[in-house]
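**Q** Spelled out from the first residue to the last, the chains are:
There are 2 protein chains.
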Amino acid sequence: MKLLIIGGVAGGASAATRARRLSEDAHIVLFERGPDVSFANCGLPYYLGGEIAERDKLLVVTPERLRTRFDLDVRARTSVEAIDREGKKVRVRDLASGREYEESYDKLILAPGAAPLRPPLPGIDLPGIFTLRNLQDMDRIKARMDQGVRQAVVIGAGFIGLELVENFVRQGISTTVVEMQDQVLPPFDKEMTTPLARELAGKGVSLLLGHSAEAFEQGPGGLTVRLKSGQRLPAQLVVLGVGVRPENKLAVEAGLEVGPRGGIRVDDHLQTSDPDIYAVGDAIEVKDFVTGEPTQVPLAGPANRQGRLAADHIFGRAVRYRGTQGTAIVRVFGQTAALTGASEKVLKRAKRAYRKVYVHPTHHAGYYPGAEAMTLKLLFDPESGRVLGAQAVGGAGVDKRIDVLAVAIQAGMTVFDLEEMELAYSPQYGSAKDPINMAGFVAAGLLRGDHPQVDVEAILVVPRGTPPVLVDVRTPQEYASGHIPGAVNIPVDDLRSRLGELPRDREIALYCQVGQRGYLATRILLQKGFSAVNIGGGCKTYELFQPELADR
Amino acid sequence: MKLLIIGGVAGGASAATRARRLSEDAHIVLFERGPDVSFANCGLPYYLGGEIAERDKLLVVTPERLRTRFDLDVRARTSVEAIDREGKKVRVRDLASGREYEESYDKLILAPGAAPLRPPLPGIDLPGIFTLRNLQDMDRIKARMDQGVRQAVVIGAGFIGLELVENFVRQGISTTVVEMQDQVLPPFDKEMTTPLARELAGKGVSLLLGHSAEAFEQGPGGLTVRLKSGQRLPAQLVVLGVGVRPENKLAVEAGLEVGPRGGIRVDDHLQTSDPDIYAVGDAIEVKDFVTGEPTQVPLAGPANRQGRLAADHIFGRAVRYRGTQGTAIVRVFGQTAALTGASEKVLKRAKRAYRKVYVHPTHHAGYYPGAEAMTLKLLFDPESGRVLGAQAVGGAGVDKRIDVLAVAIQAGMTVFDLEEMELAYSPQYGSAKDPINMAGFVAAGLLRGDHPQVDVEAILVVPRGTPPVLVDVRTPQEYASGHIPGAVNIPVDDLRSRLGELPRDREIALYCQVGQRGYLATRILLQKGFSAVNIGGGCKTYELFQPELADR
Numbered sequence: 017m018k019l020l021i022i023g024g025v026a027g028g029a030s031a032a033t034r035a036r037r038l039s040e041d042a043h044i045v046l047f048e049r050g051p052d053v054s055f056a057n058c059g060l061p062y063y064l065g066g067e068i069a070e071r072d073k074l075l076v077v078t079p080e081r082l083r084t085r086f087d088l089d090v091r092a093r094t095s096v097e098a099i100d101r102e103g104k105k106v107r108v109r110d111l112a113s114g115r116e117y118e119e120s121y122d123k124l125i126l127a128p129g130a131a132p133l134r135p136p137l138p139g140i141d142l143p144g145i146f147t148l149r150n151l152q153d154m155d156r157i158k159a160r161m162d163q164g165v166r167q168a169v170v171i172g173a174g175f176i177g178l179e180l181v182e183n184f185v186r187q188g189i190s191t192t193v194v195e196m197q198d199q200v201l202p203p204f205d206k207e208m209t210t211p212l213a214r215e216l217a218g219k220g221v222s223l224l225l226g227h228s229a230e231a232f233e234q235g236p237g238g239l240t241v242r243l244k245s246g247q248r249l250p251a252q253l254v255v256l257g258v259g260v261r262p263e264n265k266l267a268v269e270a271g272l273e274v275g276p277r278g279g280i281r282v283d284d285h286l287q288t289s290d291p292d293i294y295a296v297g298d299a300i301e302v303k304d305f306v307t308g309e310p311t312q313v314p315l316a317g318p319a320n321r322q323g324r325l326a327a328d329h330i331f332g333r334a335v336r337y338r339g340t341q342g343t344a345i346v347r348v349f350g351q352t353a354a355l356t357g358a359s360e361k362v363l364k365r366a367k368r369a370y371r372k373v374y375v376h377p378t379h380h381a382g383y384y385p386g387a388e389a390m391t392l393k394l395l396f397d398p399e400s401g402r403v404l405g406a407q408a409v410g411g412a413g414v415d416k417r418i419d420v421l422a423v424a425i426q427a428g429m430t431v432f433d434l435e436e437m438e439l440a441y442s443p444q445y446g447s448a449k450d451p452i453n454m455a456g457f458v459a460a461g462l463l464r465g466d467h468p469q470v471d472v473e474a475i476l477v478v479p480r481g482t483p484p485v486l487v488d489v490r491t492p493q494e495y496a497s498g499h500i501p502g503a504v505n506i507p508v509d510d511l512r513s514r515l516g517e518l519p520r521d522r523e524i525a526l527y528c529q530v531g532q533r534g535y536l537a538t539r540i541l542l543q544k545g546f547s548a549v550n551i552g553g554g555c556k557t558y559e560l561f562q563p564e565l566a567d568r
Numbered sequence: 017m018k019l020l021i022i023g024g025v026a027g028g029a030s031a032a033t034r035a036r037r038l039s040e041d042a043h044i045v046l047f048e049r050g051p052d053v054s055f056a057n058c059g060l061p062y063y064l065g066g067e068i069a070e071r072d073k074l075l076v077v078t079p080e081r082l083r084t085r086f087d088l089d090v091r092a093r094t095s096v097e098a099i100d101r102e103g104k105k106v107r108v109r110d111l112a113s114g115r116e117y118e119e120s121y122d123k124l125i126l127a128p129g130a131a132p133l134r135p136p137l138p139g140i141d142l143p144g145i146f147t148l149r150n151l152q153d154m155d156r157i158k159a160r161m162d163q164g165v166r167q168a169v170v171i172g173a174g175f176i177g178l179e180l181v182e183n184f185v186r187q188g189i190s191t192t193v194v195e196m197q198d199q200v201l202p203p204f205d206k207e208m209t210t211p212l213a214r215e216l217a218g219k220g221v222s223l224l225l226g227h228s229a230e231a232f233e234q235g236p237g238g239l240t241v242r243l244k245s246g247q248r249l250p251a252q253l254v255v256l257g258v259g260v261r262p263e264n265k266l267a268v269e270a271g272l273e274v275g276p277r278g279g280i281r282v283d284d285h286l287q288t289s290d291p292d293i294y295a296v297g298d299a300i301e302v303k304d305f306v307t308g309e310p311t312q313v314p315l316a317g318p319a320n321r322q323g324r325l326a327a328d329h330i331f332g333r334a335v336r337y338r339g340t341q342g343t344a345i346v347r348v349f350g351q352t353a354a355l356t357g358a359s360e361k362v363l364k365r366a367k368r369a370y371r372k373v374y375v376h377p378t379h380h381a382g383y384y385p386g387a388e389a390m391t392l393k394l395l396f397d398p399e400s401g402r403v404l405g406a407q408a409v410g411g412a413g414v415d416k417r418i419d420v421l422a423v424a425i426q427a428g429m430t431v432f433d434l435e436e437m438e439l440a441y442s443p444q445y446g447s448a449k450d451p452i453n454m455a456g457f458v459a460a461g462l463l464r465g466d467h468p469q470v471d472v473e474a475i476l477v478v479p480r481g482t483p484p485v486l487v488d489v490r491t492p493q494e495y496a497s498g499h500i501p502g503a504v505n506i507p508v509d510d511l512r513s514r515l516g517e518l519p520r521d522r523e524i525a526l527y528c529q530v531g532q533r534g535y536l537a538t539r540i541l542l543q544k545g546f547s548a549v550n551i552g553g554g555c556k557t558y559e560l561f562q563p564e565l566a567d568r
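Residue numbers (my numbering), protein chains in the order written: chain R, 17 to 568; chain P, 17 to 568.
Check each hint, because a few of them may be wrong.
Put simply, identical chains are the same to the list, so a pair is met inside one copy or across any two.
Claimed, not checked - Heads up, simulated DSBU-like pairs for lysine-lysine below, C-alpha to C-alpha not over 30 Å straight-line:
no., residue 1, residue 2
1, LYS206, LYS105
2, LYS105, LYS556
3, LYS158, LYS18
4, LYS219, LYS104
5, LYS367, LYS556
6, LYS73, LYS105
7, LYS361, LYS73
8, LYS361, LYS556
9, LYS73, LYS556
10, LYS104, LYS544
11, LYS73, LYS18
12, LYS265, LYS219
13, LYS18, LYS544
14, LYS158, LYS544
15, LYS158, LYS73
16, LYS18, LYS105
Keep in mind that the hints were calculated from the coordinates and are not lab data. Everything numeric in this text was worked out from a predicted model, so none of it was measured.
Extracted from the complex, chain R is given alone in its bound form:
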C-alpha cells in the first residue's frame, strides 16, 4: 500500500499516524507546503498576546518526530501541483529546489485545509495587512507588533477575530473590530452575543457592527482603513478574519466533486467522487449532524477525527463519519461563549420546527463563594423534545454545560432526559439542580403544557389582536430599577391575594428576573382559571434582545 497524504496539519497528520499504527508496511508520504506539520493553529493568537511565551510550544509534532517515531516519509516545503487520477499519480514540486517529480499512489488523502479570505479591496496588499493561518503568518504579525503598534483594526468578529482582539488588547494596543453583520460571532444567535459585545466594550474595544471595509490606504503615520460608512480608522496593523475558503484547487482540477460553497464532497467514508481519493478537514463539505444538510465546519476536532477515520477505511475498517455538530468555544476576555448543534438561525433556514428556552443559572451553588453567572439557551424539537442545539455564554462552567449538551445531541436525548441527568454536585462544581437540569425542567414543562411560555420576541413586536397584560412579579424594588414597558407590578408573593386586579378575558404574560417566579405565578393563575403565560427567561432574556430595560 502506498498512501499519499496532502497536507500535514490536523487531519493530514492524524491520518498519517493512524495509518502507520494500522500498517507497518505501508509507504506513507506526507506532503506539506509549509515548513511545519501538526502545529497548534488554535494557539497562534495567544503567542501574539504573550500568554504562550515559547514559539516551540506551538510545534505539536516536528517532521523529524514523524519520521523517527512513525516511519513516515515527511516532505515539508513541498507542494502537490496536480493529481493524475487515471495514472494514479501526483505531480510534486519541492519548493526549496524547484525540482518537480511524480509520485504514484494506491490511495490519496487530501487534507489541504482552508485559506483565509482576502477580499479584493483597494489596498488589500499593502504591508501591515495580514491574515493568520500558520506560524509564518504569526511571525509576520509579531514582527509588525515589535515595530510598535498603537492601533490595530481587526476585520471580522468571528472566533479568530475576537481571539486576536483579546491578545492585541493584552499587548496594550488600541483595537477596533469591524464586522459586517450586526453581531459578533456569527455562528451564534444574535441575542446570545449581547454579553460579549458588552464585555468587549468594557475592555475598551471599539466594536463597529454592521460595518465593512471599503479600502485600505497607506499614509505617513501608517494605514488607514476606510469603511463603507465613510469612517476612516488609523492603524499600524490590520488583520483580516472574515472567513476561510476550502483549498479545493487540486480537487477541482482533478475533476472531483465540490459543493456550492467550495467544500470537497465526500461520502460518509470520507471518500470523494473518486473512491481512491479521500478528503478530510477544513477543505471538505460535511453533513450537519442535526439538520442533515451539507455544511462547512473548519474545526480542529472534526478534522482530526476525519483523518483517523479515512485511514481506518483505507485499511479495511468498516467506519462511517457521523457528521459534524459544530461544537465550538471561545474565550472573550472574562467571558466564555460556546455552542453545539444547530443555532436558531440554522433551524429557521432549514425550516425545522423548534422551541427554545433560556435559563440564567450560576455555575455552582450560590451559597458557595465565587459562583459565576451564565446564560444557557436550549433549542429542541417541539414534538419529541429532542435536543437540537445549545448555546451558552458566561463565566466558569460554560464549557462543561455545552459538552454535556453535545453528548445529549449525539445520543439523541430529549429535554426529558435532561431533567434526569445526574451530574456531579458539590458546592465548588455544580448545584443539586444543575443548570442542565434547570434547562430540562423549563423545556419539559413547556412541552408538557405545565408551563406555557412566550418568547421575548413576541413581546417585542406589536401583536395583531389585543396585546397581553404584562405583569412583573418581582419585588417593587426590582420593578423600580427597570422593567418591560407597560408592565404592572404584582409581586409573586402577593399574587394569590390580588387576583381580583387581573382580567379573566385577556391573556396575561408574566415575568420575573430569570423565569422562576414567573413560572410559579403562571401556575397560580392557570389553576385559578386565568389565561397565563410566562415570558421565557424573564428580564435577563429580555435584556439580551433589548439591552436597556425601560423606565429604569
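Let chain R serve as the given structure and place chain P on it in line with the hints.
**A** Below, chain P alone, put in the same frame as chain R:
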C-alpha cells in the same frame, strides 16, 4: 388533596414546592423536626473552614418563604411520631410546646433523611465528639473550634470526612484522619485514591488507613482517641464521618418494607409498600442504574429529583424513577475526585464482566499555559463496549469529564461513542482530542483487538507460567529515573531497528509513561509477528498501584 410531607430539607422541600406548582388547592403540610428547612447541607464544612463566611447563606429557603411564596403549611420543630395507615393519619408532636395532635392525609411523603452513625464505643458521648448533619451540629463544632482547637481527629475518610479535614487544616488545626479501610473515599477504587492520599500528606494531614477507634477518653488536656492498634491520638475535637443510616423508624413501625441495610423500599414511582405513602431521599433504597441492584445513595441531587417525581406521581403524572448512578464529586485541597456509575469493586461484587482503561491527559491543550493533569479510569462492558462507570482524579476539568461520562452512562452509550464525541475545544478548555476521546480510543482499540492491553495488576502478581518480557519504551532518561522492576529499555523510536533483541516465543509486555508510546510499540511488534501487549496506562497507572517505582 391533603398531602403531608415528613422532612423539609432536600427531597421534602422539593416535593412540597413541586406539589404546590401542580395544585393550588391542595393542603400541603411540611413537617420538619429541626428549625430549618431546605438548608445547604453540602456547605456546612465550608462554613467551619471560613470559606462561607455568612451562616445565613446556608439557609437556601426559610420556612417563611415557603409559607408566603408557596402557600405551604410549614411546621418546623415538629416531629411526626407515628403513622396510622389504617386511619390515614399521623401523630404529631410540637417540640417546643410538647403538644401532640393528629393530622390526617390523603397522601404521605416520607423524606426523613439519614442520620450519621455513632458507633457504640466507650466514651462516644464525651463532649467534643461530634457528627455533622445540620446547622445545629455545625454550630456546636464551630463553638468548640472557637474555644481553641489545636488537634482534631476525623474518624472516617469519606466525602464529609475529607471535606472536614480540608476545612480544619484551613483553620490551622493539626488534623488526623482515621479510616478503617485501606483507602480514602471508599466509593472509589483504591488505586484512584493514591493521588488523594498523597495530597493529604502534602498538606500535613496525618492519614491512618486500616485503623479504627476503640475508645475515647477525657483527660486534662482534652480528648484522647484510642485506636485498636493501641495508638493514642490527642485531640480537642473529634468528628465522626463513618457513614449514615436511613431514618426508617417511622416506616418500620408502620410496617412498611425496608431493605437489608435499612433503606425504605420503594417502587419506581417512589411508592412504599403502602401506595398512599411515598418515600424519597437518603432514607430510601434505590436501584443502581448500572447494576440494577438495590443500593443506598445519600446524595442531594437524586433526593431533589425523587421529591419532584413523588409529587408528580401523586398529582397523576406518569413518571418513573430510573435509578441512581451515584455521580459524586469532592474537592480535597488542590485535587478533585469524581465518579459516576459502577466502580470496579461494585462490578466485581455484582459479578459483572468488565474491562477498564486508564488515561492520564491534561485538562486542556498542553501548549497553552496552566494545563492540569488528571487520571481518568473508564469501566465498560467487554462485549458491547457500553460504559459502566468512570472515575477521575486531578486538577481542573475533572468535573466536566465525569459529567460527560454520566450522560454517556444515562444514554447507554459505548466506548465507540466516546471516540466520536465532539466536545468544545479551544486551548483554555480542552484539546482537539479531548480526554474523553482519548479514553474512547484506548478502550475501543482494546475491544477491536487493535490494542491488546494487560492490566497493571496482572504485572504485579507472579504469573503461573513464563512471565512476559517487560519492555520500557520510554527514553533512557525516563527509564533511569525509575521503571517497573525487571524491565529492559528499548525506546520506541529505536524499536524498529532493534527487533532482533526481542524473543518471538514469549509474550512481550510494553509500557511507557501513560500508554501512548506503548500502544505504538505494541502495534509495531504485533505487525512484525511478535506476541505483544501494552500495559494499560503505563507507569502513571503502575504508580497508582505501587506508589514507588523500583530502581529510581
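**Q** Confirm or reject each hint.
**A** Hint-by-hint comparison with the structure:
1. Taking the shortest alpha-carbon separations for LYS206 and LYS105, neither the intra-copy value of 48 Å nor the inter-copy value of 56 Å comes in at or below 30 Å.
2. Proximity of LYS105 and LYS556 under a CA criterion of 30 Å is satisfied in neither setting, with 60 Å inside one chain copy and 45 Å between copies.
3. Neither within a single protomer nor between protomers do LYS158 and LYS18 lie at most 30 Å apart by alpha-carbon distance, with minima of 40 Å and 73 Å respectively.
4. In this homomeric assembly, LYS219 and LYS104 never come within 30 Å of each other (Cα to Cα): the closest approach is 55 Å inside a single copy and 64 Å across copies.
5. In this assembly of identical chains, the alpha carbons of LYS367 and LYS556 lie at most 30 Å apart only when taken from the same copy (28 Å versus 51 Å across copies).
6. Proximity of LYS73 to LYS105 under the C-alpha cut-off of 30 Å is found in neither arrangement, the shortest distances being 36 Å within a copy and 71 Å between copies.
7. For the homomeric pair LYS361 and LYS73, neither the shortest alpha-carbon distance inside one copy (38 Å) nor that between copies (41 Å) is at most 30 Å.
8. Within a single copy, LYS361 and LYS556 get their C-alpha atoms as close as 21 Å, which meets the 30 Å cut-off; across copies the closest is 46 Å, which misses it.
9. In this homomeric assembly, LYS73 and LYS556 come within 30 Å of each other (Cα to Cα) only across copies, at 23 Å, whereas the closest approach inside a single copy is 41 Å.
10. For the homomeric pair LYS104 and LYS544, the shortest alpha-carbon distance between copies (29 Å) is at most 30 Å, but the shortest distance inside one copy (77 Å) is not.
11. In this assembly of identical chains, the alpha carbons of LYS73 and LYS18 never lie at most 30 Å apart, being 32 Å within a copy and 67 Å across copies at closest.
12. Taking the shortest alpha-carbon separations for LYS265 and LYS219, neither the intra-copy value of 41 Å nor the inter-copy value of 60 Å comes in at or below 30 Å.
13. In this assembly of identical chains, LYS18 and LYS544 lie within 30 Å of each other by CA distance solely across copies; the values are 18 Å between and 76 Å within a copy.
14. Proximity of LYS158 to LYS544 under the C-alpha cut-off of 30 Å is found in neither arrangement, the shortest distances being 67 Å within a copy and 48 Å between copies.
15. Proximity of LYS158 and LYS73 under a CA criterion of 30 Å is satisfied intra-copy only: 16 Å inside one chain copy versus 49 Å between copies.
16. For the identical chains of this complex, LYS18 and LYS105 are intra-copy neighbours only, at 11 Å inside a copy versus 82 Å across copies, given an alpha-carbon limit of 30 Å.
Going down the numbered hints, you'll see the structure goes against 1, 2, 3, 4, 6, 7, 11, 12, 14, while the others check out.
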